[in-house]
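What follows is each chain in one-letter form.
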Amino acid sequence: MRHGTVTKVLLYAALALVLLWTVVPLVWMVLSSFKSPNDLLATTPSLFFTPTLEHYGALFQSGLWGYVQNSLLAAGISTIIAVTLGCLAGYGLSRAHFRGKDHVAFWIISTRMAPIAAVILPLFILFRYAGLLDSTLGLIIAYLTFNLPFAIWIMNAFFADLPPSLEEAAMVEGATRFEAFWRIALPLTAPGIVTTAILCLVFSWNDYAFAVTFAGPDSQTLPIAASQLNTQTGLNWGQLTAIGTIVVAPMILVGLAVRRYLVKGLTLGAVTGE
Amino acid sequence: MASNTTEKGGGRRGISLETKMLLPALVLLAVLSLFPFVYIIFMSFNTVSLIGGISFEWTGMENWTRLFTDSVVLGSWARSAIYFIATVGIEMVLGVGIALLLNEIIAGRYAALSLILMPMFVAPVIVGLLGRFLTDSTYGLYAYFLNATGLYTQDILGTPGSALLAVILMDVWEWTPLITLIVLAGLSSVPVSVLEAANIDGANYWQRLRHMVWPSIAGVVIVALLIRSMDAIRYFDIIFVTTNGGPGNATKIIPIRLYETAFRFFDLGYAAAIGLGMLAFSIIVANLFMRILKNRGLAK
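In the order they appear, the protein sequences are chains W and X.
Going by this note's numbering, the residue at position 116 of the first sequence is 116; the numbering climbs one at a time, nothing skipped.
Numbers in this note's numbering are just positions in the second sequence, counted from 1, shifted up by 1000.
Pairs of lysine to any residue residues, derived as SDA-like cross-links and limited to a Cα-Cα distance of at most 25 Å, are as follows:
| hint | chain 1 | residue 1 | chain 2 | residue 2 |
| --- | --- | --- | --- | --- |
| 1 | X | K1294 | W | W107 |
| 2 | W | K8 | X | N1204 |
| 3 | X | K1294 | W | P164 |
| 4 | W | K101 | X | F1037 |
| 5 | X | K1294 | W | P163 |
| 6 | W | K8 | X | A1203 |
| 7 | X | K1294 | W | T272 |
| 8 | X | K1294 | W | H97 |
| 9 | W | K8 | X | L1094 |
| 10 | X | K1020 | W | G100 |
| 11 | W | K101 | W | T84 |
| 12 | X | K1020 | W | W182 |
| 13 | W | K101 | X | S1282 |
| 14 | W | K8 | X | A1111 |
| 15 | X | K1020 | W | E173 |
| 16 | W | K101 | X | G1014 |
| 17 | W | K8 | X | N1103 |
| 18 | X | K1294 | W | A160 |
| 19 | X | K1020 | W | V172 |
| 20 | X | K1294 | W | G100 |
| 21 | W | K101 | X | L1026 |
Residues of chain X clear of chain W, computed beta-carbon distances all greater than 10 Å:
| hint | residue |
| --- | --- |
| 22 | W1058 |
| 23 | E1062 |
| 24 | I1085 |
| 25 | G1158 |
| 26 | W1206 |
I should point out that these hints are in silico values taken from the structure, not numbers from a laboratory.
Here a beta-carbon is modelled for each residue, glycine too, at the ideal position from N, C-alpha and C.
Work out the full structure, taking the sequences as your base and the hints as a guide.
The following block contains the structure:
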């Protein structure tokens, strides 16, 4: 709709307020990570300061790279397994006909919705029996509890949008059932696969609850490193904002990259979007 | 058909390929979910001890009777309900409002949307830690402004009422964008020509909103509400790193209580019973979600 000048001014003023609310904490975090301790601890907040990289330097000197590796390994491998099995199962779910399919679908989605604190409890005991505490493998398995049902559901939503006639046509041409999936359906859902992979990566990269319970000295991830800065000798806001920037920046970038498909992904396909 | 085993319906001649493709994921998911599920039920009837390996002592309904009579845990349920209604409620109102606002904005809509979406990708633990930084009574930006304007001069996370409000607002900051995104997608399905016709006929903005826009986005708004409800009971990271349930019990919602019962007091059997209570709630929401999917013809 077109608007008069007064309405326009009001609309953009409201938008400015919303943007302030959203962006100020993030901008403040990034700015603070470049402030010297003196500027950081000034009781009057200031936008003007001489930038320094000392907090980032200190983080990498104190072994941040190890945490980055643990995070990348745990989140990356869990994502690869979830997306691979999720593609197969999502396709299967969208094309198969068998009795009780609704119940299977409900069961899959209900595992995704289980409260994290309630999932952690039995997993903790089972991991203790299996010797999986303080191991990256344990974290990968823990992340699969939410990534796998999620990947199945979104891939199901993306495959359900493809008309089955495409694969049928390929089979008439002589392709086998699996070739029809592999050569026709799978490439057509490439945007869905990328979206699924990125969201699985974001969920597991951002996880704190599982990592704080299951990880030990050998498997701690970046969010754990961040929270530890807060409890050791006082509160090191410089390093904390620096590590915050390191954790957050890559996820915002990849998240915005799949913005077009986010609605479908985050609603498990329940809202189709544009 | 080229192959004689690819008939629709699979059926008589063994399992179809489509069903086989489901199997690896389902087997893994069963190991990851059914096994722990049965295990947590078993735990809830026992006193579980971690000292010297793991030992179980069958105590029957003891944990369960405790669950319904323990005033401390009942208090946590009540606080959870307040936290849940406040976060989800504020997020719905703000999210729908911001979506309607963006829908009216032509120049810069997509740039603004990108900025608005950013909080969703921030790790909740960072939201919590950043929240602590901003509300720190000595160095915090937000605390400084509240103090300077005289709006609030006490320690934000150290005072029960403002601590609860602060953690609620942190959750609102992170998840309002999700509602905005979903509702905005719903708004794009409202036919523009009908709106313009109504405009020419003299319908004002509120009339159009009530009679034309709202009916076409109501379904999407309910989906957004359910998605957010499921996650609101799942997550606890923000509170875990900001107040850890304090001051006193002011922010001790039920997931925090469960975690503390299990991993601070090591009362694992009782924690299992609390966890099953939470699970019951999320299954109810999941059921509603599936029913709405079906009514909208989305789950086949």
